[in-house]
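J.: Residues per chain, in single letters:
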Amino acid sequence: MNRPSTDISASSPPSFEVTDLYKSFDGETMVNDGISLRVEPGEVYGLLGPNGAGKTTLVKQIIGLLKPDSGSITLGGYDLVADPSHARQLCSLLPQAAMPIESFKSREAVDLAGQIRGGDRRGVRTRRRELFAALDLDEWSDTLGTNLSGGVRRLVGFVMTIVRPGPLVILDEPTNDVDPLRRRLLWEQIRRLGDTGAAVILVTHNVLEAEKSVDRLAIVDAGRIVAAGTPSSLKAGDRGHLRLQLMMTPGRPVPELPDFVESETLVGHTLATVVSERRTTDGIQWAQSLIDGGVAEEYALGATSLEDVYVRLTGHESVSV
Amino acid sequence: MVEWDLTRMRLVLPGLVLVQVFTSIGLVLGVSLLYEYIAPRQALYLGTGAVAISMVMVGVVTGPQMIAEQRLSGSADWLASLPVPRSASAAAATVFNVIVALPGAVAALLAAWIRFDVGLSISPQLVPAVLLVLVCGSLIGYAYAHLLGDAKIVALVAQVLVFIVVGFSPMAYPPENLPGWLATAHTFLPFVHMANVTREGLTQGLAENVALSYLVLAAWTIVAAAGATWALGRRP
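Protein chains in written order, with the working numbering: chain G, 171 to 491; chain S, 204 to 439.
Each hint should be verified, as a subset may be incorrect.
[What the hints assert, rightly or not] Straight-line C-alpha distance at most 16 Å; calculated EDC-like pairs for lysine to aspartate or glutamate:
(1) G/Lys237 to S/Asp280
(2) G/Lys275 to S/Asp208
(3) G/Lys230 to S/Asp280
(4) G/Lys275 to S/Glu206
Just so you know, these hints were derived from the structure itself, not from any lab.
Using the sequences and the hints, build the whole thing.
T.: Put into structure tokens, the structure is as follows:
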């Protein structure tokens, strides 16, 4: 088979597809339990799920560090399970762990990473300058990695990953440690990355941010995809509903729920419930009575979001902004 | 990839070289403190052996410790995801080891020369000998670090190897000083042969069976390269 091109502009970008992927480590516990997904070129695809859901295991199989028990992973005509060297050519990874750039000036790390990925020196340098300007990183261009804050280092790692992206870009928790202002710039660049034709897989448990940036997403829990679709389609079931969230008093038992509460999830001391818009008044009265009785400390009423779907499906809170 | 590895290590490189230089000098001077008198032949053994030990230690101890550190920091996965042949990563590690090891080897030689006034006879054979010792040692270290995988076990093996190489390998003393069975075992291990080919490039008439030593080292180099290739290619 020919050596694949690492340049997404070289030919029509390929689709990425995972089919019936199974992976266990001890032969018993399935870490990936029949995962199937498809990401089109130009699409930003969110992979959401709590810690231990099997997201990183899936990523490691995509880039050829782990071998599936069964199932296929393909990118265009390339079988990434059969030939992991193709995976290294075609996939650009921003790992969850920090990039090893302590000894590098930010610009050196990006330029070398771009060249290792097959970019020419001048082209990589030009693109690095554009990305540093877009992410407001210019002032750290000559700073050694060891002197960078965690957030800036994360952003430099992001630029290293996309300065010369392959047809598939995998970003594992790209916003970790990044300040809110640059987070917005980062999301903008992730969006633009999709616009260049790359298929982007975004691994995160920050549901609120992902909701605004992904085209489609899958919610993964215990090794399985428990829901998949566009953010709007996943929230469709919650239309005409509101989120009533109660902060329960520590040490007090959770009270019996009234019949108008349509779903509930308890995470720590936070009881997230969904109620119909028509029963809002009943909900507020119920919440107030719990506070008066000392069972709850406060409540909040708001629009349902993708996070409600996420919490309901996984029983975990997502990371807040 | 070599440029990446050298840049990656440039902050620690001066420190590593310095430690290597002091360790090499310390080995020559420290061992000589154990004896009131060291005969010229013993001094020559010690001095040339220290040069080889200094080179071996970088390959089988320092190199694997660096790889273990990469695993612990989580950066190994990213490095493994880069679109470079596995051989490029091994070559980069070897070049790095050569740069770290050479100043220490020269320091050991100078220390022996100044301390014992040994009569050295440096021949052109020293060049292939040093290269083979460094490449063989680096590949052995690279292979076992990737074969074992677990960073803690790699660190432990590296510590044990320090003990074996410095104390129980006839590199700085003749094999006759060891019990017979251990001397026999060393004919199959690479360490004594590394000292032998180095010695041949530095002295006249002290090294024996040099052809056999080259053969054994070539075999170890091939086995280590095959082991590293297998370890890097496997996917659990």
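J.: Confirm or reject each hint.
T.: Hints, one by one, checked against the model:
1. G/Lys237 to S/Asp280: holds, 14 Å
2. G/Lys275 to S/Asp208: holds, 14 Å
3. G/Lys230 to S/Asp280: holds, 8 Å
4. G/Lys275 to S/Glu206: Within the cut-off at roughly 14 Å; holds.
In this structure, every one of the numbered hints holds.
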